[in-house]
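Undergrad: Modelling step: build the complete structure from the supplied sequences, incorporating the hints.
Protein chains in written order, with the working numbering: chain A, 1 to 480; chain B, 1 to 175; chain C, 1 to 495.
Note that these hints are calculated values from the structure, not bench results. Note that the structure is predicted; figures quoted are calculated from it, not measured. Hints should not be assumed to be uniformly reliable.
Stated by the list, open to error - Chain B side only, calculated, beta carbon under 10 Å to chain C, not exhaustive:
# : residue
1 : Ile16
2 : Leu23
3 : Thr86
4 : Val94
5 : Ile117
The C-beta atom is built at its ideal place from N, Cα and C for all residues, glycine as well.
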Amino acid sequence: MLLIPALVCLAGGLAVPLFRSRAGRSRFVLLVTLLASALLAALVLRGDTPGRTLLRITPLFAVGFRVDAVNRVFLLLIAFLWPLSSLYAFEYMAHEEREPRFFAFYTLAYGFTQLLALADGLFTLYLFYECLTLITLPLVTHREDGESLRAGLNYLTYTVGGAALGLIALVVLAVSGASGSFVPGGSLPAEALPGREDFLRGVFLLAFIGFGSKAALFPLSFWLPRASVAPTPVTALLHAVAVVNAGAFACLRLTFDCFGASLLAGSWAQAAAVLLAAGTILLGAVMAVRERHLKRRLAWSTVYNLSYMLFSVALLTPAGLRAALCQLVLHGLMKISLFFCAGAFQVRLGAEYLPDLRGLGRSMPRTVACFVLAALSLTGIPPLAGFLSKWNILSAALQVGTWAAWTGAGAVILSSVLACVYLLEPAVQMIFQHPSSPAPRSDPSWRMMVPLALLALSVILPGFWPEPLRSLLDAAAALY
Amino acid sequence: MDLQALLDNRAEAAAIILFGIGLTTLLLHRNLLKKVIGFSFMDSAIFLFLASEGYISGRAAPIQSAASDLPASAFINPLPAGLVLTGIVVSVSVTALMLSLTVRLYERFHTLDLDRIVRLAREDAAVSVGAAAPVGKAERKAGTNADAGAAVSAGKAEQKSEKDAALPDPERRDR
Amino acid sequence: MPWWQNIPFFSVLLFLLSAAVCSVLPPAGARRWSRAVLALCLLFSGLLAVLLLHSGGAPVHYRMGHFPAPWGNELRFGALEALLAALFSFVMLCALLAGGGELRGRAGLSRESLYHTLCMLLMAALLSQVYSNDLFTCYVFLEIMTLSACALIVYRNSGRSLAAGMRYMVLNMVGSGLFLLGVVLLYDLTGHLLMEPLGASVASLAVSGAYRRSLTVIIALITVGLCVKSALFPFHTWVPDAYSAGAAPSNAILSSLVSKGYIVLLLKILLRVFGWNPVVLSRVDLLLLLFAWSGMVFGSLGAISASGLTRMTAWSSVAQIGYIFLGLALGPAEGFRAALFHLAVHACSKSLLFLSGAKLREAAGGGDGFRALAGAARLRPVFGVCWTAAAFSMVGLPFTGGLVSKLLLGSAALGRSLPVAAVSLGVLALSTLLNVRYFLRAALILWSPGNVASARSGRDPAAALACGALALAVVLSFVFASPLLEAVSAGLAAF
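TA: Below you can see the structure in the form of structure tokens.
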């Protein structure tokens with residue numbers, strides 16, 4: 001029952017190459033994603049479903065799925081964003097070759113992301129985590145030139161290699177007697193702990209780094225900017241939302257539902273995780289300021305925004321979990337709009353580097369408006385969405401109040417200052433500078449504008465009407 | 001470890017020494033014929049060991065005739081001898097195979113030095129990769145066209161090489 | 001005695017007879033004959049495994065000749081042996097089906113019968129290793145296996161394959177020599193050749209503490225001898241040539257059957273003859289661990305720097321043998337179970353890599369270099385998919401048996417002391433990373449655009465069927481891991 005939307009996506013993805021005409025294919029893909037999203041939303045909002053085992057691989061490892069307050073947030077986010085970005089992709093991909101393949105894998109990736117989010121137990125999570133890596137590989141190497149192939153191999157090395165570290169944790173947990181499914185507060189039985197705490201903490205840290213590789217945690221963060229050679233819908237949806245959030249989500253599950261906060265709180269492993277996240281925040285912000293290529297700059301921005309999430313997770317408090325989920329949703333919305341705008345610039349005017357953006361405000365006013373709105377939000381200007389999430393993160397950090405948390409909070413503030421530099425610089429260039437050559441009005445068609453407008457709305461809305469989001473987050477935080 | 005023990009077990013000691021000689025010759029000597037000889041040494045040493053262990057002084061050969069009804073304890077155990085015989089058969093067939101390989105290798109490379117043979121064989125393979133490309137059915141069917149096909153595919157490979165140079169880690173040789 | 005207890009003996013006999021028959025049949029006849037015999041053996045071995053599993057799992061002793069247990073020769077089999085026999089016949093059948101085209105093309109018409117003769121002989125030797133309970137019989141068939149394997153390598157009769165065959169012979173003879181010496185010393189010490197009386201004597205020796213040094217030497221000789229023959233890491237130097245110089249089916253058979261035969265024999269000796277405690281006392285298990293760890297790393301490093309697809313696959317065998325030996329070194333029950341499971345997974349996936357790789361190479365014009373192979377998978381998508389599935393299994397990605405064996409190895413490692421467990425897990429993770437670097441790189445190259453025009457579009461339904469069956473086996477070993485593992489555990493208990 002839980003798997004129907006995912007199976008719809010998988011079947012739909014496999015059926016995509018059967019359609020010969022562009023129009024038919026677009027309609028089909030849109031239908032499949034909309035149907036899957038509607039089903040998914042209905043299923044998820046219906047209420048919690050306890051974990052159910054589908055297939056037992058060995059006595060210790062089994063495949064099972066569940067819905068609870070935590071993955072509900074993630075599932076609703078992707079259910080909202082996937083149809084929108086499919087719509088956007090129809091227009092964008094008209095400029096690229098090999099469309100059928102692209103949409104097939106794009107739809108398949110939707111299915112696997114759902115399965116990953118629905119996973120009950122680290123083993124299932126691991127399975128679909130790897131599947132998601134593999135299924136998005138053809139999307140990264142879509143151009144099929146040397147650069148994208150190298151980026152693809154790079155991506156694989158980082159994420160599969162990282163997942164191998166996760167595998168260690170998976171085995172250690174299973175052998176230590178942890179229950180196969182997720183348990184809020186930690187699945188390790190109390191009798192497994194005495195005398196082995198430090199070993200388990202070390203394994204936790206390795207797995208945190210390993211699963212963090214997909215969320216571009218330092219030292220495994222360098223694949224993400226390189227992977228922005230992929231077409232924009234991929235960069236936007238997968239490398240700003242689905243795949244990277246899957247990494248952060250895996251870290252969250254690993255921390256709160258497997259090892260448990262009580263084992264880790266106040267330990268060296270927590271401090272190390274927090275410091276890694278803080279270091280990634282600074283690294284990403286500084287690299288974003290230095291980068292002149294718009295999409296890569298945004299990718300670096302993604303790197304450190306993901307570490308906001310990992311930082312909040314590593315705080316190990318319910319407030320931290322709440323902040324992480326809030327950032328997961330809001331950052332996804334903001335970053336996908338920024339990437340969509342960047343993709344629109346690239347497709348309409350071939351503008352990839354910062355100097356190309358001068359005076360775009362005249363030729364593409366609506367797109368630029370969306371870009372500026374999202375940029376302001378991401379820097380954390382108060383009424384907009386980004387402010388909410390930063391507020392949550394900082395207040396969670398101050399509640400914890402250890403020196404590591406203070407360091408992380410400092411990194412968050414510093415990165416916000418840097419965000420003003422690297423996000424507002426292109427915004428100012430677009431609005432206030434004159435174009436090098438005057439271009440005609442070239443806002444994209446409705447297929448790109450509708451998603452952009454909806455996303456802009458969703459960036460504004462949480463600031464004024466936070467109740468739905470707050471209730472979702474509160475339900476998740478109440479579990480712990 | 002006194003000398004007496006060594007003297008008592010002289011057959012075993014000799015067998016182990018011979019085994020060592022054979023093993024080192026087989027492993028370290030570059031000449032193929034010497035290698036085969038080393039192998040024979042090694043196996044013979046084991047058979048010597050087995051035979052000397054199987055023999056018990058003062059007992060008869062295990063041949064029972066209708067006339068004598070001696071108890072079993074009067075005979076030596078026939079099994080080690082049987083094992084030696086079996087082992088010799090195996091050893092002979094291995095020697096035969098190795099010698100026939102040696103002959104073939106000598107015919108092809110005109111040397112018995114295994115290191116040189118391996119080196120020559122690699123160069124051989126590197127040269128023949130292009131020429132031997134179209135194999136099997138096509139070769140027989142197409143007859144003289146095979147060469148043309150090889151030339152075409154070689155040309156294509158050259159054209160491709162520029163584009164493929166961009167692939168991750170272009171091929172390297174392991175030696 | 002129920003009729004089905006005759007199956008092991010008759011399958012060995014059938015293969016020996018088939019070897020003689022195939023040598024006089026014309027090629028087409030030999031081909032059909034060998035396929036039929038293999039299919040028959042697969043069917044009956046599977047049946048035997050099912051029957052043995054259902055009859056309570058007690059092993060069966062099958063007396064050969066007129067002499068009872070401590071003197072005579074006998075076969076001994078439980079469910080595990082039957083499963084292994086079925087696995088080996090399956091892989092061999094697939095190798096012959098998929099490599100049929102290459103064999104027909106490569107050598108003259110008269111020689112293909114000989115190839116089938118060799119395969120039959122090899123199967124007879126392999127099955128005797130699996131079933132026999134007599135150490136010397138095992139030795140004899142070990143040599144028969146080595147000889148026929150060497151003949152399979154040099155079947156191509158090219159300079160390279162001859163040189164590879166010679167190197168193979170030299171190192172394998174070293175291994176056989178050490179093994180034989182160990183067997184003879186053991187016979188000298190105990191006076192037995194049948195494994196169970198041997199095991200009882202060794203156990204009493206171990207308890208009394210007599211001959212401890214000799215016992216250690218014997219354990220080391222036998223283990224190292226079999227390690228050399230199955231190409232564990234420091235003894236692997238012959239592997240890259242031997243596994244890549246022959247025809248595709250030869251490579252597949254050598255890497256996935258012959259080396260496995262030696263491993264099964266080693267496992268049998270470790271379990272039945274030595275028992276685990278003397279092995280631990282003699283520290284041979286630590287030696288094996290060390291070899292296995294370094295093999296997993298250095299085999300992969302060799303594969304990364306290999307120059308062509310076949311050579312890369314051959315190098316990866318060194319790493320994968322390391323996985324199997326890691327399981328062996330981790331000790332009874334869990335470790336052995338992991339080793340056996342990985343043995344089966346590796347037999348299927350490695351032969352699939354060689355067979356489908358050969359098809360891809362053929363489609364791309366015959367070159368083995370990665371440049372020449374760019375885009376080959378697009379020319380033959382069926383074989384491309386099969387190759388990719390096998391490569392995924394090698395890396396240990398989801399929905400392939402490789403992941404299960406990695407999980408099993410990891411769990412088994414955690415049963416040991418903390419340093420051993422930590423290093424084993426670390427090496428597993430590192431080896432995964434290295435495997436990504438070469439297998440997935442090769443997969444990317446195979447699927448990347450390039451070389452699009454193909455001279456031929458030869459269809460080979462038999463090969464597609466065989467590769468498909470192997471790929472299915474790789475996937476099903478993940479899905480049905482649970483019942484498979486139960487069967488393996490039950491068989492291991494009666495091994």
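Undergrad: Run every hint past the structure and note whether it holds.
TA: Verification of the hints:
At its closest, the beta carbon of B/Ile16 sits 9 Å from a beta carbon of chain C; the interface hint therefore holds under the 10 Å criterion. Interface hint status for B/Leu23: upheld, as the beta-carbon distance to the closest one in chain C is roughly 6 Å, under 10 Å. The beta carbon of B/Thr86 is positioned within 10 Å of a beta carbon in chain C (closest approach about 6 Å), and the interface hint is therefore held. The interface hint given for B/Val94 holds, since its Cβ lies 6 Å from the closest Cβ of chain C, which is under the 10 Å cut-off.
With a cut of 10 Å, the hint placing B/Ile117 at the interface with chain C holds, because the nearest CB-to-CB distance is about 5 Å.
Hint compliance for this structure: no hint is broken.
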